[in-house]
Amino acid sequence: MLELLPQQLVNGLALGSTYALVALGLTLIFGVLLIPNFAHGEFYMLGAFITYALVAAGLNFWLAMLVSVVCIMAMGGLVDRLVFRPIETAPALSLMISALAASIILQQVATMIWGTEPRTIPAPLTGVIRTPFFAVTQLQLVVMASVAAAFGAVWLVLNRSRLGLAIRATAQNRDAAMLMGISMPQVRFATFAMGAALGAIAGALLGATFPIYPSMGVNPVLKAFVVLVLGGIGSLWGAIFGGLVLGVAEVLVAGYIASELQDIGAFAILVLVLLVRPQGLFGRAQVER
Amino acid sequence: MKTFITTLSLCLATGLFGAGPSIAQAQEIAIGDLHPITGPATFYGLPESRGIHLAAEQINAAGGVKVGATTYKIRIVTEDDQASPTVGVAALRKLMAADVRYIIGPLASGVAPALKPIIERSDKVTQLIDGSIADDLTNGKNIFRNQATVSGYNIAVVELFKARKFGSVAVMTDRFHAGFMGSQSKLMADLKGLGANVLGEEYYKLNDTDFSAALTNLKGKNPAVLLIRGYPAEGALITKQARQLGFTGQVVWEMVSPPSTVLKNISASEMEGVFNCIPPTTEDYVKLGDAKAKALDAAYRGKFGEGPGELTGLSFDAVHILKAAFEKAGSIENAAVNKAMGELKLADVPALTTKYTAQPDGRLFDDKGQVDLRGVVSVWKGQGWEPMTNLSQ
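Going down the list, the sequences are from chains A and B. By the working numbering, the letter at position 151 of the first sequence is numbered 151, and the numbering carries on one by one without gaps. By the working numbering, the letter at position 171 of the second sequence is numbered 460, and the numbering carries on one by one without gaps.
If you are wondering where the hints come from, they were derived from the structure by calculation, not from laboratory data. Some hints here could point you the wrong way.
[Claimed, not checked] Estimated spans, in silico, between C-beta atoms of each pair: (1) A/111 / B/593: 14 to 22 Å; (2) B/595 / A/168: 50 to 58 Å; (3) A/108 / B/366: 20 to 28 Å; (4) A/260 / B/316: 37 to 45 Å; (5) A/168 / B/596: 41 to 49 Å; (6) B/532 / A/58: 46 to 54 Å; (7) A/58 / B/596: 32 to 40 Å; (8) A/122 / B/352: 48 to 56 Å; (9) A/155 / B/592: 35 to 43 Å; (10) B/383 / A/178: 53 to 61 Å; (11) B/595 / A/260: 36 to 44 Å; (12) B/364 / A/219: 40 to 48 Å.
[Said to hold, decoys possible] Covered stretches of chain B (chain A as the covering partner; in silico rule of three or more C-beta atoms under 8 Å from a C-beta of chain A): (13) 320–333; (14) 499–507.
Idealized CB from N, CA, C, for every residue including glycine.
Chain A on its own, in the form it takes in the complex (with noise of 0.2 Å):
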């Protein structure tokens, strides 16, 4: 069986780098505003069906991908406008409300467009590298190497832009921000904008390796949250951190113990974080005055 160990951990971070650009988007969103968006799974599912349609209708994947961000971009804006901005000064539970809300419109709107069959988007690039210890496809090391570009794009807008800058400040103290001339709605509209664009990003990508259909959100959603919780809300490494842990650890699980076992596997590690380490690996314990 140590002879598969190679394969095991390729597949394990494979599957790690889905997770963990899934959960960059939804760290984000959740760091910044404290919003438990639920419905970023949709943002997520209809990344994937707007490049599906566009490369149905003959256009270039990477091309349709750019205009399904933008499109899920505007849509994240326009969620925040509409669900979350009215709200925004009610309890946690409300907005939790609100996001599962969100999130089920979202895949009605979807199920009566498309309907619930599922497909998958023609893959891009369809070859596999093969070396002596594993084999990886061309398309999972485009997901990987979009990890490291999302993550890099995100950290320059965070720590070398002005937008960045009140976005840091709005994340560290929304009172203090404000007070210092901060625009909330530009920050939260950036902020859903940038979350909502790393959710097309990984349904586009992800659509052309897994099969699309309306409700396919729900599970990433709630893997992504382990991953929050695993890495700690709100930081991006964490996110990255945490999404290959959690899909290393579920990969051995079902390979050296049980396929049966994993996705008990991902939820025994989130009940071993919250009771060893709740801040997540790399958030930072906050206290309550």
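The hints should help you fit chain B onto chain A, whose structure is shown.
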């Protein structure tokens, strides 16, 4: 007094006019159509439901159902079970509350076991299952099935292994599919009996997307055959991921898998040469040139603007089986119809599009209410499945 007389007149008029439709409805037989019209299994369920409506329409147009001296029209009452046990039970109760006494369906092997105890307890419902393949669903009393059992599917797998003399097999099974899970140990024993070494059994569930860990394990054991038992979206993904991981052996499916659904999830070239072991579908019969299947195909296309689904023929047949049972019973009371169903001969239902094997005494159903419908092997060629006439080649 005048007001009283006016009111009384209105009540009488309402009563009389109200009785009008009741008298008309008495000449109808309501048949419940319980299938997933929405939800993840729509691509199976909708063509089944349409097949039922088409059969009823044709029967009504041809004069209806003649029961003794009375002629009845068939009225189809459709309920959507969404392939969910909870929704299915609610839909069944709704049909029963509306006094619908004959039910065709369901499709999903998760739904049928949930309905069974309710239907078994009632003497006012007769069920004819046209979709679910799980074993032990029928009772020969008021639950019958004109679809194969999963054991019927397995016959084709065993025949294939016998003909090809495969030396080993690894299996991936949908662990929430009651039919496949219930028959797995028997199938494995049968394959071992043929000399095939069962190298591994792994499990997944509907909507899983990553099978790499299990497939890496199975591929490491170098099986001659990868047998996949479940639904086509996952089947396509498993096939694709197995090839990407370097599996070069034979892939065998055991699942109803419309080519249109398959091709939405995997390319035709990646499917080339994959075997499938299920009873012949409507499309297979059409390809084999069967006249009744071709007529069904043409009527379906004429009415719905697209080809029938893989299970449409079974649903279409189910309406004709009930019609034959009503006429044989000379009654539309459940007890009489149930008895007639059990006694129906294959020859009593000439409109059947599916090629069932008659019981030794010529009956359509065995004592448990199950038809004899056996799986055959098809192979993917080009854009779809082709029935295989010679398994050795």
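Do the hints match the structure? See the list:
no. : hint                      : result
1   : A/111 / B/593: 14 to 22 Å : holds (20 Å)
2   : B/595 / A/168: 50 to 58 Å : holds (55 Å)
3   : A/108 / B/366: 20 to 28 Å : holds (25 Å)
4   : A/260 / B/316: 37 to 45 Å : violated (54 Å)
5   : A/168 / B/596: 41 to 49 Å : violated (57 Å)
6   : B/532 / A/58: 46 to 54 Å  : violated (27 Å)
7   : A/58 / B/596: 32 to 40 Å  : violated (25 Å)
8   : A/122 / B/352: 48 to 56 Å : holds (50 Å)
9   : A/155 / B/592: 35 to 43 Å : violated (58 Å)
10  : B/383 / A/178: 53 to 61 Å : holds (54 Å)
11  : B/595 / A/260: 36 to 44 Å : holds (38 Å)
12  : B/364 / A/219: 40 to 48 Å : holds (41 Å)
13  : 320–333                   : holds (count 5)
14  : 499–507                   : holds (count 6)
Violated hints, listed in ascending order, are 4, 5, 6, 7, 9; each of the other numbered hints is respected by the structure.
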